Every structure is written in structure tokens, then in C-alpha cells.
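Using the sequences and the accompanying hints, generate a full structural model.
Spelled out, the chains give:
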Amino acid sequence: MELVTARIAEQSEPVLRRRLRRVWKYKLLYVLLLPALAWVVIFDYFPLYGIGIAFTDYNVIQGFSGSEWAGLKYFRMLFESEMFRHAFRNTLLISLYKMISGFLCPILLALALNEIRVAWFKKTLQTAVYLPRFVSWVVYGGIIALLLSPETGVVNKIIEWFGGKPAYLLVEPAYFRTILVVTDAMKEMGWAAIIYIAAIAGLNPEVYEAAIMDGATRLQRIVHVTLPGITGTIIVMFILRVGYVMSAGLDQVINLYNPMVFEAGDILDTYIYRIGIEQFNLSLAAAADVIKGAIGLAMVLVANHIAKRVNDSGIF
Amino acid sequence: MKLTRGEAAFVATNYVVLTVLTVLIVIPFWYVVSVSITPYHIFSERNGLILFPTSFSFQYYEYLLKKGSLIYSAYGNTIRNTAAGVVLALFLTVTAAYALAEKKLPGRRIFMLIFVFTMLFKGGMIPTYINIKQLGLLNSSYVLILVMAYSAFNMIVMKSFFEGIPESLKESASIDGASEFRILWQVVLPLSMPVIATVGLLYLVVYWNDFFNAMLYVTDWHKAPVQLVLRTIVASSSLPPELLEAAGSTPPPTIGIQMAAIVIVALPMLIVYPFIQKYFEQGMLVGSVKG
Numbered sequence: 001m002e003l004v005t006a007r008i009a010e011q012s013e014p015v016l017r018r019r020l021r022r023v024w025k026y027k028l029l030y031v032l033l034l035p036a037l038a039w040v041v042i043f044d045y046f047p048l049y050g051i052g053i054a055f056t057d058y059n060v061i062q063g064f065s066g067s068e069w070a071g072l073k074y075f076r077m078l079f080e081s082e083m084f085r086h087a088f089r090n091t092l093l094i095s096l097y098k099m100i101s102g103f104l105c106p107i108l109l110a111l112a113l114n115e116i117r118v119a120w121f122k123k124t125l126q127t128a129v130y131l132p133r134f135v136s137w138v139v140y141g142g143i144i145a146l147l148l149s150p151e152t153g154v155v156n157k158i159i160e161w162f163g164g165k166p167a168y169l170l171v172e173p174a175y176f177r178t179i180l181v182v183t184d185a186m187k188e189m190g191w192a193a194i195i196y197i198a199a200i201a202g203l204n205p206e207v208y209e210a211a212i213m214d215g216a217t218r219l220q221r222i223v224h225v226t227l228p229g230i231t232g233t234i235i236v237m238f239i240l241r242v243g244y245v246m247s248a249g250l251d252q253v254i255n256l257y258n259p260m261v262f263e264a265g266d267i268l269d270t271y272i273y274r275i276g277i278e279q280f281n282l283s284l285a286a287a288a289d290v291i292k293g294a295i296g297l298a299m300v301l302v303a304n305h306i307a308k309r310v311n312d313s314g315i316f
Numbered sequence: 001m002k003l004t005r006g007e008a009a010f011v012a013t014n015y016v017v018l019t020v021l022t023v024l025i026v027i028p029f030w031y032v033v034s035v036s037i038t039p040y041h042i043f044s045e046r047n048g049l050i051l052f053p054t055s056f057s058f059q060y061y062e063y064l065l066k067k068g069s070l071i072y073s074a075y076g077n078t079i080r081n082t083a084a085g086v087v088l089a090l091f092l093t094v095t096a097a098y099a100l101a102e103k104k105l106p107g108r109r110i111f112m113l114i115f116v117f118t119m120l121f122k123g124g125m126i127p128t129y130i131n132i133k134q135l136g137l138l139n140s141s142y143v144l145i146l147v148m149a150y151s152a153f154n155m156i157v158m159k160s161f162f163e164g165i166p167e168s169l170k171e172s173a174s175i176d177g178a179s180e181f182r183i184l185w186q187v188v189l190p191l192s193m194p195v196i197a198t199v200g201l202l203y204l205v206v207y208w209n210d211f212f213n214a215m216l217y218v219t220d221w222h223k224a225p226v227q228l229v230l231r232t233i234v235a236s237s238s239l240p241p242e243l244l245e246a247a248g249s250t251p252p253p254t255i256g257i258q259m260a261a262i263v264i265v266a267l268p269m270l271i272v273y274p275f276i277q278k279y280f281e282q283g284m285l286v287g288s289v290k291g
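For the record, the sequence lines run as chains X and C. Going by the UniProt record's numbering, the first residue of the first sequence is number 1, and it counts up by one from there. Going by the UniProt record's numbering, the first residue of the second sequence is number 1, and it counts up by one from there.
Simulated from the structure, these hints should not be mistaken for laboratory data. It should be emphasised that the depicted structure is a prediction, and the values quoted were computed from it without experimental measurement. Please note: incorrect hints may appear among the correct ones.
[To be verified] Cut-off 25 angstroms, straight-line C-alpha distance, at most; resulting in silico cross-link-like pairs (DMTMM-like, lysine to aspartate or glutamate):
1) K223(C) / E62(C)
2) K27(X) / E167(C)
3) K122(C) / E278(X)
4) K104(C) / D176(C)
5) K73(X) / D57(X)
6) K278(C) / E115(X)
7) K165(X) / E45(C)
8) K122(X) / E206(X)
9) K25(X) / E163(C)
10) K25(X) / E167(C)
Rendered as C-alpha cells:
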């Protein structure tokens with residue numbers, strides 16, 4: 001037995017040593033890797049351990065290990081709660097609407113901007129549409145509240161102008177999701193278009209010249225040259241978006257919603273915040289976190305798989 | 001090049017639609033500024049319809065910026081968090097991206113997996129909150145600097161950029177006896193200004209605009225960033241007690257205070273970004289295409 005291990009050690013030592021020498025050669029790179037690795041472990045991986053509180057009657061004083069095992073009690077409670085069901089449904093609906101608008105608007109905007117040939121005008125438009133991206137949702141939410149306010153809001157003035165009846169738009173469940181989708185598009189589409197603008201700029205100009213020689217109109221060039229050229233970028237952006245399907249826009253919703261529109265506008269993130277942080281029911285909120293994370297992970301894996309099948313351009 | 005009639009119509013429509021869209025996006029900001037500098041009696045006289053202010057009053061700004069106002073300390077906190085945060089975040093991102101851009105690094109795939117997995121699955125708000133609590137960071141002055149200091153997406157953008165830098169440049173420096181640290185500092189970084197400007201700006205915006213991490217982790221008004229103070233002013237249409245206390249006298253009408261506060265908080269980012277704009281497209285393209 002001893003003999004055997006000794007022989008194996010003898011044979012494998014050069015391999016091991018070679019490997020160690022390779023590792024040693026890059027030692028400084030490992031040192032460079034260390035700070036970010038430490039950050040990821042502390043702030044991203046440590047919390048994974050805390051997922052367990054969804055399955056226990058978590059007690060803040062005794063901590064995780066001192067808490068009683070609760071099994072699926074909190075998951076059952078969630079599915080019996082009407083408020084959770086609303087939040088779940090709203091998350092999917094709002095995310096879906098935003099996926100469509102937040103996906104099409106930037107592409108259309110990029111295509112339209114690409115057709116502007118006057119450089120200074122194009123540049124001015126770009127600077128202007130990027131603007132809302134650089135303010136927080138606290139700021140943007142405040143602006144929207146001003147515009148939609150019942151007495152002094154400009155939007156109500158316009159509605160009256162056209163003979164409509166003014167309303168306190170932000171407390172009407174019927175309008176709330178529309179408001180979320182429209183304001184999200186207004187705030188984000190300029191910035192989101194950058195990636196497509198950059199992708200279009202990277203296309204080969206010779207293909208355009210050839211298309212012009214063949215007598216293609218501008219619209220034909222967009223459909224047959226530009227769009228196929230940026231398909232890869234579109235698919236990657238779509239997969240990334242699908243991965244966030246369970247995040248319907250916490251920053252936006254928390255700054256715009258109010259109890260009057262919970263039924264239409266409460267999403268999983270705001271639900272988790274209220275239950276967990278405000279009401280301090282940590283186990284119940286963590287159970288909602290687990291559901292959110294698991295579905296999000298499944299969605300991005302499926303989307304990536306489909307993208308690989310269709311276009312051979314998955315992201316991992 | 002001559003345009004056919006159909007194409008001319010296409011171009012004209014395009015110009016008009018884009019111009020209208022841009023005006024719709026920008027005008028709310030202009031409106032906020034107008035309201036913030038219009039005296040209240042004119043605001044209500046005109047039913048809130050003020051596109052071009054005709055008479056000016058800075059009473060709202062004076063109120064918010066009175067000596068000892070909470071705004072000053074909150075602004076100080078935000079500047080401190082943002083400055084320290086961007087430096088730390090760029091440090092973490094550049095070092096990790098540079099190491100992982102080396103294709104021959106043993107164990108590279110495993111490290112990539114460790115870094116990318118966090119993009120796919122996170123513990124969630126509550127486990128993260130409990131983690132911060134157990135680390136003793138709740139309500140500390142550093143918590144907001146630390147929790148936003150790294151983003152996997154930005155790291156990947158930067159890594160893709162580094163991978164595009166010709167191997168030969170690094171090799172020749174290496175033959176000259178430069179260490180990896182020196183190659184990074186003296187060869188790679190000077191070539192990477194577009195991506196560093198882009199990623200730096202992304203972090204800058206995240207730090208300046210964060211309010212939610214502050215809502216979670218900071219309860220002491222004296223450590224609160226300015227966005228959190230603004231949120232209290234805007235969302236609850238009541239003023240934080242500390243602000244009232246410092247300002248003393250009865251406040252002017254809320255709506256004007258809200259708009260003036262919005263201008264004070266949003267202005268720095270709106271001044272900065274046009275200057276960095278030229279780097280965006282270069283910087284974003286490299287990362288986005290490769291994902």
C-alpha cells in the first residue's frame with residue numbers, strides 16, 4: 001500500500017509541480033483578484049446562508065441557529081395571503097409590459113437617431129434623452145407627482161382642455177400600471193438606446209453602400225441591413241432583461257405607489273420591504289425572497305437556452 | 001444625394017417625431033425649475049401652469065439652505081459616500097477585471113463562475129439585510145460606501161475591454177521586466193480611459209442616486225444621504241423634524257420646497273454627464289456585445 005502511494009506520488013509530482021509553478025507565475029494576478037473576491041464572498045455569498053430563515057421561525061435575538069425549524073409554513077402562509085398573490089401577479093404583469101415597451105422603445109429610438117444626418121442635432125437629441133437616467137427615482141417620482149397632481153397638475157389641465165374629467169391619477173388603480181410603464185420608458189429609453197446606437201455604429205459601411213447601389217430605400221436598409229446587424233445585441237439584451245423579470249422596478253414603485261393602489265401596483269420587492277423591514281416579519285418576507293430568486297434564476301437559464309438554440313448567442 | 005419624395009417624407013417625419021419626443025422628455029425638468037423659482041401666489045393664480053417664469057423668488061431655496069439646515073450635512077454625507085465609493089468600486093472592478101482578462105490564468109473559469117453566479121441568483125433583500133446587521137454595519141457611516149462597491153456587470157464590461165488590448169503590448173512590457181502591477185498601471189490603464197470613464201460614471205450615478213440602501217441601512221438622520229432627505233420631503237409632503245428645527249420659522253408652501261429640493265439634489269449629476277457622454281458609446285459597446 002505504502003509502495004503504491006509512493007509510486008503515484010513520484011509519477012504525479014512533476015505534474016503537480018508544473019501546475020504549481022504556473023500558479024506561482026501568476027501570483028500577482030491572484031493578489032489582484034483578492035479584494036473583489038472578498039467583497040463578493042462577504043456581500044453576495046454570506047447572505048445565501050440567510051435564506052434558511054425562510055424555513056425557520058426566525059428570532060432576531062437568538063439568531064439563525066437558535067430559531068425553530070418551520071418547514072414550509074411561511075410559503076403556505078404566502079400563498080394563502082391575498083396581498084402576496086396581488087404582488088406576485090402585479091410583478092409579472094408590470095414586468096411583462098415593461099419588457100415590451102422597455103425593449104422596443106430603445107431599439108426604435110436608436111434606429112430613428114441613426115437616420116439623423118445632421119451631427120449637432122443628433123448629438124443634442126442624444127444628450128437630452130439621456131437626461132432622466134441621471135436622476136434618482138426619488139427625483140423623477142417627485143416630478144411625476146407634480147405633473148399628475150389633481151389641483152395643479154399639468155396633465156389634468158390637458159385632460160380638461162380636451163373635455164375630459166380631471167382625476168387624482170396616482171390613486172386610481174385603473175391607471176397605475178400604465179403610469180408605471182410610460183414613466184419607466186420615458187426615463188430609461190434614451191440610456192437603453194446607447195447600446196444599440198453603438199452596435200449600429202459598429203456595422204460595416206460597405207454593406208450600406210452595396211445596398212444603396214442596389215437601390216434599397218432607407219426603410220429597406222433599416223429592415224434588411226441594420227436590424228439583422230444588431231440581432232445579436234438585441235438577443236443578449238433580451239436575455240438580461242428576462243433575468244430581471246421578477247424585479248418589476250422597486251425604486252420606481254416605492255416612490256410612486258400608495259395604499260390606494262396596492263391592489264394594482266404592489267410588487268414583490270415592495271411587499272418584501274413592507275413585510276420584512278417595516279413590519280419585521282423576517283421569515284415571511286424571506287420566503288417571498290426565495291420564491292422571487294428561484295423563479296428569476298429559472299427564467300434566465302431558460303432564456304439563455306432558447307437563445308443558444310435560436311441564434312447561437314447565449315451569454316454563458 | 002437626392003431624396004425621392006417618399007424618402008423626404010420619411011426623413012421629415014423622423015425629425016418631427018424625435019423632436020417632439022425629446023421635448024416631452026425634457027420639459028418636465030424645465031417645469032420643475034420654473035415652479036421652484038416662482039412665488040406661490042403666482043403659481044396658484046396661474047393654476048400651476050408656469051412654463052416661463054415671469055416673476056422670481058428664491059424663498060424656497062433660502063428656506064432649504066438656511067444655516068444649519070439638514071440639507072448641508074446630508075449633502076456632505078452624499079459627497080463623502082460618492083467620492084469614497086467610486087474610488088473603492090473602481091479599484092475592485094479594475095483589479096478583478098484585469099486578473100480575469102488573462103486567459104492563461106489557472107482557475108480562471110472557476111473564478112468567473114464565482115463572480116457571474118451572483119448576477120443570476122442573489123440572497124434577496126431580507127437575507128442581505130440580516131447579513132449587514134450581523135456584520136455590525138447597520139447604521140454605520142461606511143455601510144453605504146461598502147454595499148454598492150462592486151457590480152458584476154461593470155466588471156464584465158471592463159474585462160471585455162481589457163481583453164481587447166493587444167497581447168503584444170503587455171508582452172513587450174513584461175520582457176522589459178515590468179511586473180503585472182506596473183503593466184496594469186502604466187500600460188493598460190492609460191489605454192482604458194473610455195471604459196474607466198463609463199464605468200466610473202455608472203458607479204457615480206449609483207452612489208449619488210441611491211436612496212433604497214439608505215432606507216434599509218441608515219436610520220440616523222445625521223448619516224442620511226441627501227436622497228433620503230429628499231424622499232421624506234417629496235413622498236410624505238412633510239419635512240423631516242431636523243430640517244424644521246434648523247430652519248426655525250414656518251416653512252413656505254410645500255410644493256415649492258419640494259421642487260427646489262429636487263433641483264438641489266439632481267443638479268450635480270445633470271451637470272456632469274454631458275461631459276462624459278463622448279465615452280459612453282465606446283465604453284458600452286465593448287461590454288455589451290460580449291455580455
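Hint check:
1. For a cut-off of 25 angstroms, the pair hint linking K223(C) to E62(C) stands: about 23 angstroms separates their Cα positions.
2. Only pairs whose Cα atoms come within 25 angstroms are accepted, and K27(X) paired with E167(C) is accepted, the gap being roughly 19 angstroms.
3. Only pairs whose Cα atoms come within 25 angstroms are accepted, and K122(C) paired with E278(X) is accepted, the gap being roughly 21 angstroms.
4. For the hint linking K104(C) to D176(C), the alpha-carbon distance of about 20 angstroms falls within 25 angstroms, and the restraint holds.
5. Proposed proximity of K73(X) and D57(X) is supported: the alpha carbons are some 9 angstroms apart, at most 25 angstroms.
6. With a C-alpha separation of about 19 angstroms, the suggested pair K278(C) and E115(X) falls inside the 25 angstroms cut-off, and the hint holds.
7. For the proposed pair K165(X) and E45(C), the alpha carbon gap of about 21 angstroms is at most 25 angstroms, so the pair holds.
8. A threshold of 25 angstroms between alpha carbons decides the hint, and for K122(X) with E206(X) the separation of about 22 angstroms falls inside it, so the pair holds.
9. Among the hinted pairs, K25(X) with E163(C) is consistent with the structure: their alpha-carbon atoms are about 19 angstroms apart, no more than 25 angstroms.
10. Restraint check for K25(X) and E167(C): the C-alpha separation of about 17 angstroms stays at or below 25 angstroms, so the hint holds.
The structure is consistent with each of the numbered hints, conforming to all of them.
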